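Respectively, the protein sequence lines represent chains A and B.
Residue 1 is where the first sequence starts when you use this note's numbering, and the numbers rise one by one after that.
Residue 1001 is where the second sequence starts when you use this note's numbering, and the numbers rise one by one after that.
Check before you lean on any hint, since a few could be wrong.
[Stated by the list, open to error] Capping the alpha-carbon separation at 27 angstroms, the derived lysine-lysine pairs in DSS-like fashion look like this:
{"#": "1", "chain 1": "A", "residue 1": "Lys59", "chain 2": "A", "residue 2": "Lys78"}
{"#": "2", "chain 1": "B", "residue 1": "Lys1057", "chain 2": "A", "residue 2": "Lys42"}
{"#": "3", "chain 1": "A", "residue 1": "Lys103", "chain 2": "A", "residue 2": "Lys69"}
{"#": "4", "chain 1": "B", "residue 1": "Lys1009", "chain 2": "A", "residue 2": "Lys103"}
{"#": "5", "chain 1": "A", "residue 1": "Lys42", "chain 2": "B", "residue 2": "Lys1009"}
{"#": "6", "chain 1": "B", "residue 1": "Lys1057", "chain 2": "A", "residue 2": "Lys103"}
{"#": "7", "chain 1": "A", "residue 1": "Lys78", "chain 2": "A", "residue 2": "Lys103"}
Simulated from the structure, these hints should not be mistaken for laboratory data.
Note that the coordinates shown come from a computational prediction; the quantities given were computed from them, not determined experimentally.
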Amino acid sequence: ILNVEQSPQSLHVQEGDSTNFTCSFPSSNFYALHWYRWETAKSPEALFVMTLNGDEKKKGQISATLNTKEGYSYLYIKGSQPEDSATYLCAPRQAGTALIFGKGTTLSVSS
Amino acid sequence: DSGVTQTPKHLITATGQRVTLRCSPRSGDLSVYWYQQSLDQGLQFLIQYYNGEERAKGNILERFSAQQFPDLHSELNLSSLELGDSALYFCASSVDVPSTDTQYFGPGTRLTVL
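Assemble the whole structure, with the sequences as input and the hints as a guide.
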């Protein structure tokens, strides 16, 4: 079973702060990595799908990088806003397997 | 709104009972996935169907079963329910099987077993 670690487990920042979280996964047989955003009382919403080593994705003030050789991905949020408060899930996938979700990093942004 | 629908939204039942959760995928999506989210647990993959056939199996108990019908909607059947089966059950859908495919999640069904 793929072991996915996300850190930190939770994070509290002030509006305007920039922040980043880490997703660690086994690098063997890597196929793709998905990032999802999950707001309270809603369902997970896809942010990025990343496949190539060195891949970088950006959506508004949120960006992500991928290192498949060492098995990690970073998610960055520049200038956090209260509406960025959510749990951010990463889900790597090995060849021929389903997505395995980490437990997520819960971000709380205070105004 | 992801386009994936799930019914019912809430379900309260007793131990030993059987329930059926229903999912309708986004129009055009052939794959359906079922996930379970229990307290303090992440999203646990249960099972995937693609165009009516089982494609991948995760941590699905033998008391649970699923199927995907010709119109592509899917049902998850949970039987001999135990207290520990109380959880949020999500369905997700995607266009096709390839691993880079984005999954779109439904609103979930919250199951409470008393």
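Structure-based check of all given hints:
Between the alpha carbons of Lys59/A and Lys78/A the distance comes to roughly 11 angstroms, so the proposed pair stays at or under 27 angstroms and holds. A threshold of 27 angstroms between alpha carbons decides the hint, and for Lys1057/B with Lys42/A the separation of about 25 angstroms falls inside it, so the pair holds. Under the criterion of a C-alpha separation no larger than 27 angstroms, the hint pairing Lys103/A with Lys69/A is consistent with the structure, at around 22 angstroms. The straight-line distance between the Cα atoms of Lys1009/B and Lys103/A is roughly 23 angstroms, inside the 27 angstroms bound, and the hint therefore holds.
About 12 angstroms separates the Cα atoms of Lys42/A and Lys1009/B, which keeps this hinted pair within 27 angstroms; it holds. Between Lys1057/B and Lys103/A, the direct Cα distance comes to roughly 20 angstroms. Compliance with the 27 angstroms bound is thereby established for this hinted pair. With a C-alpha separation of about 22 angstroms, the suggested pairing of Lys78/A with Lys103/A holds against the 27 angstroms cut-off.
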